[in-house]
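K.L.:
Respectively, the protein sequence lines represent chains A and B. Per our numbering, the very first residue in the first sequence carries number -3; after that it's consecutive. Per our numbering, the very first residue in the second sequence carries number 111; after that it's consecutive.
None of these hints come from the bench; they were simulated from the model. Take the hints with a grain of salt, since some may be wrong.
In silico SDA-like links for lysine to any residue, alpha-carbon gap of 20 Å or less [as the list claims (entries may be wrong)]:
no.: 1; chain 1: A; residue 1: K72; chain 2: B; residue 2: A221
no.: 2; chain 1: A; residue 1: K130; chain 2: B; residue 2: M207
no.: 3; chain 1: A; residue 1: K72; chain 2: A; residue 2: L51
no.: 4; chain 1: A; residue 1: K72; chain 2: B; residue 2: V150
no.: 5; chain 1: A; residue 1: K130; chain 2: A; residue 2: L88
no.: 6; chain 1: A; residue 1: K130; chain 2: B; residue 2: A221
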Amino acid sequence: MTVPALEVEGLRHGYGGNRLALEDVGFRVMPGAFTCLLGPNGAGKSTLFALATGLLRPADGRVRIHGHDIVQAPGKALAELGVVFQQPTLDLDLTVLQNLRYFAALHGIGRREADRRIETELTRLSLFERRGEKLRALNGGHRRRVEIARALLHRPTLLLLDEPTVGLDIPARRTLIRHVHALCAEDGIAVLWATHLIDEIDPVTDHVVVLHRGRVRASGPVATVNAETGCATVAESFDRLTAARPAAVEAAA
Amino acid sequence: MTGRQLRTWGIAFQGIVAREVLRFIHQRERFLGALVRPLVWLFVFAAGFRAALGIAIIPPYETYIPYEVYIVPGLIGMIQLFNGMQGSLSMVYDREMGSMRILLTSPLPRAFLLVARLLGGVVVSVLQVAAFLLIVRLYGIDLPAWAPLTVLPALLLNGLMLGALGMVLASTIRQLENFAGVMNFVVFPLFFLSSALYPLYRMEEAGPLLWWLCSLNPFTHGVELIRFALYGRIDGLALAVVTGATLLFAALAVRGYSPARGMGSRAPSAAG
Chain A
-3 MTVPALEVEG
7 LRHGYGGNRL
17 ALEDVGFRVM
27 PGAFTCLLGP
37 NGAGKSTLFA
47 LATGLLRPAD
57 GRVRIHGHDI
67 VQAPGKALAE
77 LGVVFQQPTL
87 DLDLTVLQNL
97 RYFAALHGIG
107 RREADRRIET
117 ELTRLSLFER
127 RGEKLRALNG
137 GHRRRVEIAR
147 ALLHRPTLLL
157 LDEPTVGLDI
167 PARRTLIRHV
177 HALCAEDGIA
187 VLWATHLIDE
197 IDPVTDHVVV
207 LHRGRVRASG
217 PVATVNAETG
227 CATVAESFDR
237 LTAARPAAVE
247 AAA
Chain B
111 MTGRQLRTWG
121 IAFQGIVARE
131 VLRFIHQRER
141 FLGALVRPLV
151 WLFVFAAGFR
161 AALGIAIIPP
171 YETYIPYEVY
181 IVPGLIGMIQ
191 LFNGMQGSLS
201 MVYDREMGSM
211 RILLTSPLPR
221 AFLLVARLLG
231 GVVVSVLQVA
241 AFLLIVRLYG
251 IDLPAWAPLT
261 VLPALLLNGL
271 MLGALGMVLA
281 STIRQLENFA
291 GVMNFVVFPL
301 FFLSSALYPL
311 YRMEEAGPLL
321 WWLCSLNPFT
331 HGVELIRFAL
341 YGRIDGLALA
351 VVTGATLLFA
361 ALAVRGYSPA
371 RGMGSRAPSA
381 AG
């Protein structure tokens, strides 16, 4: 039996008070699958990412990365994980190369091997020539690409991307989505891509997890979710499962 | 721990320290600021007060010394104090800007990562002190030739104590905007209620309460540790207090550090 790249089970988390950011969230991402975590703003996507990366501890439930529990075995779990956070996390005062070397060191990759991997990843993203430039000099699209190159340096088997196309123009968005799809297809990396933009989903190949008000409303291949909701497109399914959901169905859920 | 694990930790440690040093080098204003502050005190304050503030013969000095000589350890302490607070500011900034998340999603233990980050800050403070000592020497202040070497262990320990204190503060500060309070409520009291600018016997003459406050201030002991180390000597009490305070602050810092701080307040918008 194949071990899921990411397994989320009964996850619950709140930020104090009565409001729960996530409640009984569960889904799986299998190796090589491109899964979109789809939800409107405030659905709980970033909270889920913080829990999946061990930055927050869940009130209840489990996150396993290739079978390693993020709370009980954080070292093994994080070694398998590459992350691109919604908020840019590069050091603007350092060069592309310095940023990437720093990250490689955090994963215990020696200088020679780090430089070799950096060259591979930057070449793949057409950024190798700009390795000596400070991040401050790069535009938003290029910075995002550097973040993706960085997230792949330690050869993770699961890549989490939290709204990675925020602030990018349409060509840059397309390039990024194409590149990450290629990572799934060619390298077998599992991807969880959080977004609230329906047009970032490939209805043929992608899986979706629809998150709304901290709960999973549907999950599976796009065709399966559409069949469950009785809709023709993922956009219609999303409307039905989230904002445009009839009140009676909402109450029954 | 296996050899491979040890190597991994070593590489990570080097990487974290190198990043702190690179950031410092890239931020030229920070480097200049770190030097100008103690130099103004040395060239202006110490020169002006030379006549007014006579210093009796007190250990580790074996003769009467000019006020500029007395104030040098205090100014070294000042460099490390401000660097520790700068480290805390930088940590709050990194947390707000998100780059702290990259450090904390490394597969290595969080306590190790935070201590490595702390040591990175200490290395930066030692570089600042080295530049300061060079200028002090060029200015003509007489220090033992081997002082830069003998003072090194004291600098590392004092830098660790102040960096750990800065980290404790970073754990308690919710937002970058609240950082100004640190200057008013931490840096100034620590500096002025210490032996950095005047010997403790002067404080005793001024009043017992002030003397007690200065004696209990760990920064006083940090300055005294440096003062004695410059002359190749060890102040046992200072060493004990600074070591104890370092362990206490480091434990509090690692225990109190929460990557979720600052995240909770933004949760509704960041909750995506």
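K.L.:
Against each hint, give a clear statement of whether it holds in the structure.
P.N.:
Hints, verified against the model:
no., hint, in the structure
1, A:K72 to B:A221, "16 Å, holds"
2, A:K130 to B:M207, "17 Å, holds"
3, A:K72 to A:L51, "15 Å, holds"
4, A:K72 to B:V150, "51 Å, violated"
5, A:K130 to A:L88, "6 Å, holds"
6, A:K130 to B:A221, "30 Å, violated"
Checked against the numbered hints given earlier, the structure breaks hints 4, 6 and satisfies all the rest.
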